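Q: Here is how the chains run, residue by residue.
Protein chains: 2
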Amino acid sequence: MSEAGAGEKRFPRCGERFPRCEERCPRCGEIVRSYRNPLLTVDIIIEVSGGGIILIERKNPPFGWAIPGGFVDYGETLEAAAMREAREETGMDLVDLKQFHAYSDPKRDPRGHTVSVVFTAIGRGSPQAADDAKNLQIFPFDRLPENLAFDHALILSDYFDMKAGYN
Amino acid sequence: MSEAGAGEKRFPRCGERFPRCEERCPRCGEIVRSYRNPLLTVDIIIEVSGGGIILIERKNPPFGWAIPGGFVDYGETLEAAAMREAREETGMDLVDLKQFHAYSDPKRDPRGHTVSVVFTAIGRGSPQAADDAKNLQIFPFDRLPENLAFDHALILSDYFDMKAGYN
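Sequences listed follow chains A and B, in order.
Numbering-wise, the numbering used here puts 41 at position 41 of the first sequence, and it's gapless, one number per residue.
Numbering-wise, the numbering used here puts 1070 at position 70 of the second sequence, and it's gapless, one number per residue.
For the record, the hints were derived by calculation from the structure and aren't laboratory data.
This one's a predicted model, so the numbers in the text were calculated from it and none came from an experiment.
Ideal placement from N, C-alpha and C gives every residue a C-beta, glycine not left out.
Possibly wrong hints are sitting among the right ones.
Claimed, not checked - No more than 27 Å apart at the CA atoms, straight line, and that leaves these computed lysine-lysine pairs for DSS-like:
(1) B:LYS1134 / B:LYS1098
(2) A:LYS107 / B:LYS1098
(3) B:LYS1107 / B:LYS1134
(4) B:LYS1059 / B:LYS1163
(5) A:LYS134 / A:LYS59
(6) A:LYS107 / A:LYS59
(7) B:LYS1107 / B:LYS1059
(8) A:LYS98 / B:LYS1107
(9) A:LYS163 / B:LYS1134
(10) A:LYS98 / B:LYS1134
(11) A:LYS163 / B:LYS1107
(12) A:LYS107 / A:LYS134
(13) A:LYS98 / B:LYS1059
(14) A:LYS98 / A:LYS163
(15) A:LYS98 / A:LYS134
(16) B:LYS1163 / B:LYS1098
Claimed, not checked - Restraint-style ranges between C-beta atoms, simulated for each label pair:
(17) B:GLN1128 / A:GLY125: 49 to 57 Å
(18) A:GLY112 / B:LYS1059: 31 to 39 Å
(19) A:ASP96 / B:ILE1138: 36 to 44 Å
(20) A:GLY75 / B:ALA1164: 28 to 36 Å
(21) A:LYS59 / B:LYS1163: 39 to 47 Å
(22) B:SER1049 / A:ARG124: 29 to 37 Å
(23) B:TYR1166 / A:LEU154: 28 to 36 Å
(24) A:PHE139 / B:ASN1135: 49 to 57 Å
(25) A:GLY75 / B:ALA1153: 31 to 39 Å
(26) A:LEU154 / B:PRO1145: 37 to 45 Å
(27) A:ASP105 / B:ASP1161: 43 to 51 Å
(28) A:SER157 / B:LEU1097: 32 to 40 Å
(29) A:PHE139 / B:LYS1059: 33 to 41 Å
Claimed, not checked - One-sided excerpt, in silico: chain A residues whose CB lies under 8 Å from chain B:
(30) GLY91
(31) ILE122
(32) SER126
(33) ASN135
(34) GLN137
(35) MET162
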């Protein structure tokens, strides 16, 4: 394209396009050039010895059981975020951490567009729920709960297909 | 953790932690709660018939040859972003689009922390550089240029290892 279209912002130095969106200062209304981008998260499918995976019951909307995870910090690798979130939410250390797949459907989180890079790992240590009183439970592969939050039913279905050699 | 630490912001409704960072309004100095997150990009290793991959020579810093890619828009899936960027930067449609791996080293882009989900695909159509006059060239696998931008030398090395069955 020869010219940037209306509303299409580009980095002034390199010409690369910014993600679209403007935000306004809540006090004075000034447009703050904070271009909107999907928020990046990690989720971790943690297998434990003896079989089964760890799920956490959410105490806040969206309700249901979820694989552990959370937001990636600026300056943090995906792998470091996965290790940190697993420790914060389950008290476990991870070994054999591997990237599985990234999920990016804009409707996967009702709170806004998040893109999750999903990892698989083996958990070491005794799993325990975080102090903010979320429930934590180990579920055998063939007896997962019905009420899975976000797109975690799809993620786990893809994971079991991969384990069975279907993709 | 029982209490959120100082500077650790959480979504008021669900208690999930925000990525850290505050920005101030450039006019009035008000803190705008626009928490910083790594910016999400896609890059696409496009193979063409007859062998070889498409690289684009950057006209702006960081200089060098790069695999095509760009920022993911809010509300856009990773796969849609990959198709759009390939079309914008090379004029090609993609078939057999597959996720390869995500790269997240905070130093991979000197302009700021970007996380790239890298795809592989086969390109269809005649490749042509975008109007903003970037150079485009098909390189045989065994004759890549020396000056690759970002972490694209690592990405391509991983890709060739994968093709050779090393990982």
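Q: Indicate, hint by hint, whether the structure satisfies it.
A: So, going through the hints one by one against the coordinates:
With a C-alpha separation of about 25 Å, the suggested pairing of LYS1134 of chain B with LYS1098 of chain B holds against the 27 Å cut-off. Distance hint between LYS107 of chain A and LYS1098 of chain B is fulfilled; the C-alpha atoms sit about 21 Å from each other, no more than 27 Å. Restraint check for LYS1107 of chain B and LYS1134 of chain B: satisfied, since their Cα atoms lie roughly 24 Å apart, inside the 27 Å limit. Between LYS1059 of chain B and LYS1163 of chain B, the direct Cα distance comes to roughly 30 Å. Violation of the 27 Å bound is thereby established for this hinted pair.
About 6 Å separates the Cα atoms of LYS134 of chain A and LYS59 of chain A, which keeps this hinted pair within 27 Å; it holds. Between the alpha carbons of LYS107 of chain A and LYS59 of chain A the distance comes to roughly 21 Å, so the proposed pair stays at or under 27 Å and holds. Distance hint between LYS1107 of chain B and LYS1059 of chain B is fulfilled; the C-alpha atoms sit about 21 Å from each other, no more than 27 Å. Using a Cα cut-off of 27 Å, the hinted pair LYS98 of chain A and LYS1107 of chain B holds, with the two alpha carbons roughly 21 Å apart.
Only pairs whose Cα atoms come within 27 Å are accepted, and LYS163 of chain A paired with LYS1134 of chain B is rejected, the gap being roughly 43 Å. Proposed proximity of LYS98 of chain A and LYS1134 of chain B is contradicted: the alpha carbons are some 35 Å apart, above 27 Å. Pair hint LYS163 of chain A plus LYS1107 of chain B does not hold up; C-alpha atoms about 34 Å apart against a cutoff of 27 Å. A distance of roughly 24 Å separates the Cα atoms of LYS107 of chain A and LYS134 of chain A; the hinted pair therefore holds under the 27 Å criterion.
Taking the CA atoms of LYS98 of chain A and LYS1059 of chain B, the gap is near 35 Å; set against the 27 Å cutoff, the hint is violated. Taking the CA atoms of LYS98 of chain A and LYS163 of chain A, the gap is near 13 Å; set against the 27 Å cutoff, the hint holds. Our distance criterion of 27 Å between C-alpha atoms is met by LYS98 of chain A and LYS134 of chain A, whose separation comes to about 25 Å. At roughly 13 Å between alpha-carbon atoms, LYS1163 of chain B and LYS1098 of chain B fall within 27 Å of each other, so this suggested pair holds.
Between GLN1128 of chain B and GLY125 of chain A the C-beta distance comes to about 55 Å, which sits within the given range of 49 to 57 Å. Between GLY112 of chain A and LYS1059 of chain B the beta carbons are some 34 Å apart, a value that agrees with the proposed interval 31 to 39 Å. Between ASP96 of chain A and ILE1138 of chain B the beta carbons are some 38 Å apart, a value that agrees with the proposed interval 36 to 44 Å. About 33 Å separates the C-beta atoms of GLY75 of chain A and ALA1164 of chain B, a value consistent with the hinted range of 28 to 36 Å.
Checked against the hint of 39 to 47 Å, the pair LYS59 of chain A and LYS1163 of chain B passes, with Cβ atoms roughly 46 Å apart. Remark: the range hint 29 to 37 Å for SER1049 of chain B to ARG124 of chain A is contradicted by a beta-carbon distance near 47 Å. The given range of 28 to 36 Å is respected by TYR1166 of chain B and LEU154 of chain A, whose C-beta atoms sit roughly 30 Å from each other. For the pair PHE139 of chain A and ASN1135 of chain B, the beta carbons lie near 53 Å from each other, so the given range of 49 to 57 Å is met.
For GLY75 of chain A and ALA1153 of chain B, the Cβ-Cβ distance of about 22 Å falls outside the hinted range of 31 to 39 Å, so the restraint is violated. Taken as a hint, the range 37 to 45 Å holds for the pair LEU154 of chain A and PRO1145 of chain B, whose Cβ atoms sit roughly 40 Å apart. Range check, ASP105 of chain A to ASP1161 of chain B: Cβ separation about 30 Å, and the 43 to 51 Å hint is violated. In this structure the supplied range 32 to 40 Å is violated for SER157 of chain A paired with LEU1097 of chain B, their Cβ-Cβ distance being about 21 Å.
Remark: the range hint 33 to 41 Å for PHE139 of chain A to LYS1059 of chain B is contradicted by a beta-carbon distance near 53 Å. Proximity of GLY91 of chain A to chain B is violated relative to the hint, the smallest CB-CB distance being about 11 Å (cut-off 8 Å). Hint status for ILE122 of chain A relative to chain B: violated, with the closest Cβ pair at about 19 Å, above 8 Å. A distance limit of 8 Å between C-beta atoms decides the matter here; for SER126 of chain A the minimum to chain B is near 18 Å, and the interface restraint is violated.
Among the interface hints, the one on ASN135 of chain A is violated; its C-beta lies about 14 Å from the nearest C-beta in chain B, farther than the 8 Å criterion. Hint status for GLN137 of chain A relative to chain B: violated, with the closest Cβ pair at about 19 Å, above 8 Å. Interface hint status for MET162 of chain A: violated, as the beta-carbon distance to the closest one in chain B is roughly 12 Å, over 8 Å.
Consistency with the previously given hints fails for numbers 4, 9, 10, 11, 13, 22, 25, 27, 28, 29, 30, 31, 32, 33, 34, 35, ordered from lowest to highest.
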